[in-house]
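S.K.: Listed below, chain by chain, are the residues.
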Amino acid sequence: MRRRVVWKEEACIGCRLCEVYCVTAHSRYPGDVLKAFKRDPDRPVPRVVLEEKGPVSFALSCRQCEEPECVKSCLTGALGVDPARGVVVVDEQHCIGCWTCIVACPWGAIRPSRGEQPVAIKCDLCLGRLGIPACVGNCPNEALQLQECGKEG
Amino acid sequence: MAISMRTAPYRVHRDPDRCIQCQVCVRQCANGVHRWDDEEAEVVSEDRECVNCHRCVVYCPTGALTISRSPLDYAANANWRKPDIDQIYLQSETGGTLLTGMGNNRPYPVYWDHLLLNASQVTNPSIDPLREPVELKTLLGRKPDSLELKKGTLAEPVPPQLELEVPVMFSAMSFGSISLNAQKALARAAIDLGIYWNCGEGGLHPEMDPYTGRVIVQVASGRFGVNMDYLNAGAAIEIKIGQGAKPGIGGHLPGEKVGPEVSVTRMIPVGSDAISPAPHHDIYSIEDLRQLIYSLKEATEYRKPVGVKIAAVHNVAAIASGSVRAGADYLAIDGFRGGTGAAPLRIRDNVGIPIELALAAVDSRLRAEGIRNQVSLVVAGSIRNSADVVKAIALGADAVYIGTAALISLGCHMCQKCYRGKCNWGIATTDAYLSKRLNPEIGARRAANLIQAWKHEIKEMLGGMGINAIESLRGNRLALRGVNLTSRELDILQVKAAGE
Numbered sequence: 001m002r003r004r005v006v007w008k009e010e011a012c013i014g015c016r017l018c019e020v021y022c023v024t025a026h027s028r029y030p031g032d033v034l035k036a037f038k039r040d041p042d043r044p045v046p047r048v049v050l051e052e053k054g055p056v057s058f059a060l061s062c063r064q065c066e067e068p069e070c071v072k073s074c075l076t077g078a079l080g081v082d083p084a085r086g087v088v089v090v091d092e093q094h095c096i097g098c099w100t101c102i103v104a105c106p107w108g109a110i111r112p113s114r115g116e117q118p119v120a121i122k123c124d125l126c127l128g129r130l131g132i133p134a135c136v137g138n139c140p141n142e143a144l145q146l147q148e149c150g151k152e153g
Numbered sequence: 001m002a003i004s005m006r007t008a009p010y011r012v013h014r015d016p017d018r019c020i021q022c023q024v025c026v027r028q029c030a031n032g033v034h035r036w037d038d039e040e041a042e043v044v045s046e047d048r049e050c051v052n053c054h055r056c057v058v059y060c061p062t063g064a065l066t067i068s069r070s071p072l073d074y075a076a077n078a079n080w081r082k083p084d085i086d087q088i089y090l091q092s093e094t095g096g097t098l099l100t101g102m103g104n105n106r107p108y109p110v111y112w113d114h115l116l117l118n119a120s121q122v123t124n125p126s127i128d129p130l131r132e133p134v135e136l137k138t139l140l141g142r143k144p145d146s147l148e149l150k151k152g153t154l155a156e157p158v159p160p161q162l163e164l165e166v167p168v169m170f171s172a173m174s175f176g177s178i179s180l181n182a183q184k185a186l187a188r189a190a191i192d193l194g195i196y197w198n199c200g201e202g203g204l205h206p207e208m209d210p211y212t213g214r215v216i217v218q219v220a221s222g223r224f225g226v227n228m229d230y231l232n233a234g235a236a237i238e239i240k241i242g243q244g245a246k247p248g249i250g251g252h253l254p255g256e257k258v259g260p261e262v263s264v265t266r267m268i269p270v271g272s273d274a275i276s277p278a279p280h281h282d283i284y285s286i287e288d289l290r291q292l293i294y295s296l297k298e299a300t301e302y303r304k305p306v307g308v309k310i311a312a313v314h315n316v317a318a319i320a321s322g323s324v325r326a327g328a329d330y331l332a333i334d335g336f337r338g339g340t341g342a343a344p345l346r347i348r349d350n351v352g353i354p355i356e357l358a359l360a361a362v363d364s365r366l367r368a369e370g371i372r373n374q375v376s377l378v379v380a381g382s383i384r385n386s387a388d389v390v391k392a393i394a395l396g397a398d399a400v401y402i403g404t405a406a407l408i409s410l411g412c413h414m415c416q417k418c419y420r421g422k423c424n425w426g427i428a429t430t431d432a433y434l435s436k437r438l439n440p441e442i443g444a445r446r447a448a449n450l451i452q453a454w455k456h457e458i459k460e461m462l463g464g465m466g467i468n469a470i471e472s473l474r475g476n477r478l479a480l481r482g483v484n485l486t487s488r489e490l491d492i493l494q495v496k497a498a499g500e
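Going down the list, the protein sequences come from chains Z and D. Using my numbering, the first residue of the first sequence is number 1, and each one after it goes up by one. Using my numbering, the first residue of the second sequence is number 1, and each one after it goes up by one.
No lab work stands behind these hints: they were computed from the structure. Here a beta-carbon is modelled for each residue, glycine too, at the ideal position from N, C-alpha and C. Heads up, some of the hints might be wrong.
Which residues of chain D face chain Z? A partial, calculated answer using Cβ under 7 Å [claimed, not checked]:
id	residue
1	Met5
2	Thr7
3	Cys22
4	Val26
5	Pro61
6	Thr62
7	Ala432
8	Arg445
9	Arg446
Pairwise CB distance ranges (calculated) [said to hold, decoys possible]:
id	chain 1	residue 1	chain 2	residue 2	range
10	D	Thr97	Z	Gly54	44 to 54 Å
11	D	Ala8	Z	Pro41	33 to 43 Å
12	D	Ala8	Z	Arg129	36 to 46 Å
13	Z	His94	D	Val264	24 to 34 Å
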């Protein structure tokens with residue numbers, strides 16, 4: 001079953017706590033915001049990004065497309081769909097940082113990581129890290145939800 | 001520009017060991033207290049604009065922020081206290097009336113805290129509400145003087161009643177004074193709970209259509225938003241004569257707050273001030289009030305109760321008696337601690353009387369005149385918890401209105417700056433960016449939780465007294481004893497002293 005994080009635009013208040021908790025969840029200290037930001041020398045960049053104009057805002061992350069352009073465009077096959085878990089995944093060992101996926105993604109949901117050899121990073125729904133995505137669990141206004149979907153919706 | 005002599009009332013403390021520079025506080029503060037300093041590459045805070053609303057404190061993901069009162073004080077003076085001096089500085093700068101929000105915050109006695117409840121011991125059994133039913137259902141409206149039966153059924157229909165599952169309602173708060181999301185939250189909670197919400201004097205926004213089954217619509221001196229659809233939409237109609245926070249004072253929604261949405265709802269042009277006059281210009285006597293009550297009853301074919309809301313003032317008992325005789329089906333009395341979205345500070349802090357004394361006086365007067373059955377009494381003005389509700393009912397109320405407590409359940413932190421329209425909690429604002437902060441689904445859940453919790457507590461207190469229906473407590477002042485009250489106050493409350 002394909003799954004993704006969906007937003008309720010009318011409830012998103014643009015606080016960017018989703019970004020803070022995304023960074024924390026993918027850091028060396030997944031349960032500790034303070035240590036993630038103060039102690040992790042390789043603190044990751046957020047995989048969810050707030051888009052904002054005036055009062056309208058929403059937290060954009062990978063749409064986990066049915067037929068992902070990023071997977072099609074990937075030169076090394078590092079990007080792929082994990083059908084069991086319903087999520088588009090990056091194999092960081094095989095990513096060469098060519099950014100073809102970043103260009104191909106119609107949503108702008110893929111970003112380069114930090115570090116000397118940056119790789120493509122994107123929302124992994126916190127699989128294997130937490131029960132529900134950190135952004136969903138920590139959105140203070142319940143603007144984010146984990147949605148199970150069939151066809152492109 | 002001459003220097004301002006006012007100093008920051010609060011101090012923002014940022015723990016540098018805990019701050020992760022995420023700037024959540026910067027985005028959450030509509031007062032501009034926190035800002036990102038590019039040169040220093042860190043968040044800095046400006047104490048002066050802080051209103052102590054705790055938005056940044058609650059939202060800070062690392063608990064790096066605290067706010068305290070500024071330790072700065074003037075030379076010790078029991079007469080000229082800090083607020084007295086600060087207010088003079090402010091008025092000397094502006095030349096204006098001081099404005100404030102929420103209810104009277106001065107240290108007047110809170111009579112609820114001087115009243116204690118009874119409980120059963122030995123001679124009468126208490127009731128465990130978890131094992132036996134305790135009935136809280138309340139009917140608001142005129143009760144007939146007598147009932148006639150014909151062939152086992154009522155000969156005449158009973159006048160229209162409001163049916164409440166708990167004797168608590170959300171008091172009048174207009175769209176404009178609070179955000180549409182705040183109104184939606186309260187309306188949804190009221191529907192879930194089987195109680196009523198009140199749309200205040202601001203009309204009904206089209207988005208509130210799904211919630212009209214449980215709305216009390218208000219007709220106040222500005223008559224904003226009043227038309228046939230509005231009157232027919234409501235479960236009851238309430239004529240607002242006065243408000244506890246500002247008796248004798250009208251309302252003024254500044255033009256800046258009258259955006260397209262408020263304009264549609266209030267039926268006035270965008271940007272125009274919405275002024276509710278101090279009096280109703282067609283009500284200068286009890287007879288005039290009767291005319292309006294019966295106009296509204298005629299307009300709605302006597303299908304719904306018409307109530308009157310008054311502020312608790314010196315001769316409240318006589319006014320209440322007159323209002324009942326004018327045809328009011330329920331009477332809402334708002335005490336001097338009642339909240340407001342905006343009121344002149346001097347009025348809020350110095351006008352009106354405590355609701356406890358007003359309620360006792362009105363209930364006694366109506367009983368003495370033999371007309372208590374003709375009206376239901378709803379009291380308001382700082383009902384803070386379920387014990388206040390039980391004490392109010394024992395003093396003679398049929399139900400209570402809560403405004404401030406309801407808003408606190410939605411997130412209000414009582415900074416008393418509602419009149420600025422920049423509420424960081426998305427409650428007392430019509431700004432689109434700020435209003436989003438109150439998700440009506442979360443708000444409805446929280447407000448409903450609060451009343452559910454009170455419901456359990458009320459049942460527990462009733463059960464303890466051996467009472468299994470709230471009807472049996474109503475006006476039963478023997479269930480109360482006074483502590484630390486003068487004999488004059490006890491006389492007015494018609495409550496015995498503890499030990500008597």
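S.K.: A separate judgement is required for each hint: does it hold in the structure or not?
M.R.: Consistency of the hints with the structure:
| no. | hint | in the structure |
| --- | --- | --- |
| 1 | Met5 | 36 Å, violated |
| 2 | Thr7 | 30 Å, violated |
| 3 | Cys22 | 5 Å, holds |
| 4 | Val26 | 10 Å, violated |
| 5 | Pro61 | 5 Å, holds |
| 6 | Thr62 | 5 Å, holds |
| 7 | Ala432 | 4 Å, holds |
| 8 | Arg445 | 10 Å, violated |
| 9 | Arg446 | 12 Å, violated |
| 10 | D:Thr97 <-> Z:Gly54: 44 to 54 Å | 33 Å, violated |
| 11 | D:Ala8 <-> Z:Pro41: 33 to 43 Å | 38 Å, holds |
| 12 | D:Ala8 <-> Z:Arg129: 36 to 46 Å | 43 Å, holds |
| 13 | Z:His94 <-> D:Val264: 24 to 34 Å | 57 Å, violated |
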